[in-house]
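A.B. asks: Sequence:
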Amino acid sequence: MNQPIVLRRPIGPPPPALRLAAVLVVPLLLYALVATGQKAVDNYRLNREAAALRTEIRDFRSNNIQLQKQIEQARTNIAIETIAREQLGLIRPGDHPLVLVSPAQPPAAAPTPVPPAPPPPAWRQWWDYMFG
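Numbering-wise (my numbering), the sequence shown opens with residue 48 and increments by one.
Hints in this document: simulated from the structure, not taken from any laboratory.
Note that beta-carbon positions come from the ideal geometry of N, C-alpha and C, so glycine has one too.
Check the hints yourself; a few may be wrong.
[As the list claims (entries may be wrong)] Restraint-style ranges between C-beta atoms, simulated for each label pair:
(1) A82 x N49: 21 to 31 Å
(2) P160 x N110: 28 to 38 Å
(3) A82 x Q117: 51 to 61 Å
(4) T129 x S109: 20 to 30 Å
(5) P167 x G136: 35 to 45 Å
(6) R108 x V70: 25 to 35 Å
(7) T123 x R101: 50 to 60 Å
(8) K116 x L137: 18 to 28 Å
(9) R101 x R139: 22 to 32 Å
(10) I112 x V146: 47 to 57 Å
(11) A155 x N124: 20 to 30 Å
(12) Q134 x R101: 55 to 65 Å
(13) N94 x R139: 57 to 67 Å
(14) R139 x N110: 27 to 37 Å
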């Protein structure tokens, strides 16, 4: 049984080069991790804003289409005549206007003023102030 004898070196503090590498690499890795997380959060927020803006654009487009249809309807002769008669009070030449006047109503009697209510007693004012 001739097995070679392996000598182990005693475990001690790491060499200075390894310490320096750990001091430089660990903060760098932490910074990279934080920066990556921040970019992911920013990307998520921007994607949500973009989706909201797309929805708003779609709503504006549908509203625009409805308004264009209303404009087309308002340009017809029937709509123009209806607006002129109902909203502007115009008549066609040869038409006889008819104005309805309601009978005059007698003026309403002036309401009698109601005397103001007397102020509540002092204890009630304090009670309301404290317990409201």
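A.B. asks: Hint by hint, note whether the structure agrees.
C.D. replies: How the hints compare with the structure:
1. A C-beta distance of roughly 58 Å is found between A82 and N49, which places it outside the suggested range of 21 to 31 Å.
2. As the Cβ distance of P160 to N110 is approximately 52 Å, the hint placing it in 28 to 38 Å is violated.
3. As the Cβ distance of A82 to Q117 is approximately 52 Å, the hint placing it in 51 to 61 Å holds.
4. Between T129 and S109 the beta carbons are some 26 Å apart, a value that agrees with the proposed interval 20 to 30 Å.
5. Here the CB-CB span from P167 to G136 is close to 56 Å, at odds with the stated 35 to 45 Å.
6. Between R108 and V70, the C-beta spacing of about 58 Å breaks the proposed range 25 to 35 Å.
7. The beta-carbon spacing between T123 and R101, approximately 35 Å, falls outside the hinted interval of 50 to 60 Å.
8. Remark: the range hint 18 to 28 Å for K116 to L137 is upheld by a beta-carbon distance near 25 Å.
9. Take R101 and R139: their Cβ atoms lie about 50 Å apart, and the range 22 to 32 Å is violated.
10. Range check, I112 to V146: about 41 Å between beta-carbon atoms, so the 47 to 57 Å window is missed.
11. A hinted range of 20 to 30 Å is violated for the C-beta pair A155 and N124, which are about 46 Å apart.
12. Under the hint 55 to 65 Å, the C-beta atoms of Q134 and R101, about 38 Å apart, miss the expected range.
13. The hinted window of 57 to 67 Å between N94 and R139 holds, with their beta carbons roughly 60 Å apart.
14. Between R139 and N110 the CB atoms are about 35 Å apart, so this pair conforms to the stated range of 27 to 37 Å.
Violation of the numbered hints given earlier is confined to hints 1, 2, 5, 6, 7, 9, 10, 11 and 12; the remaining hints are satisfied by the structure.
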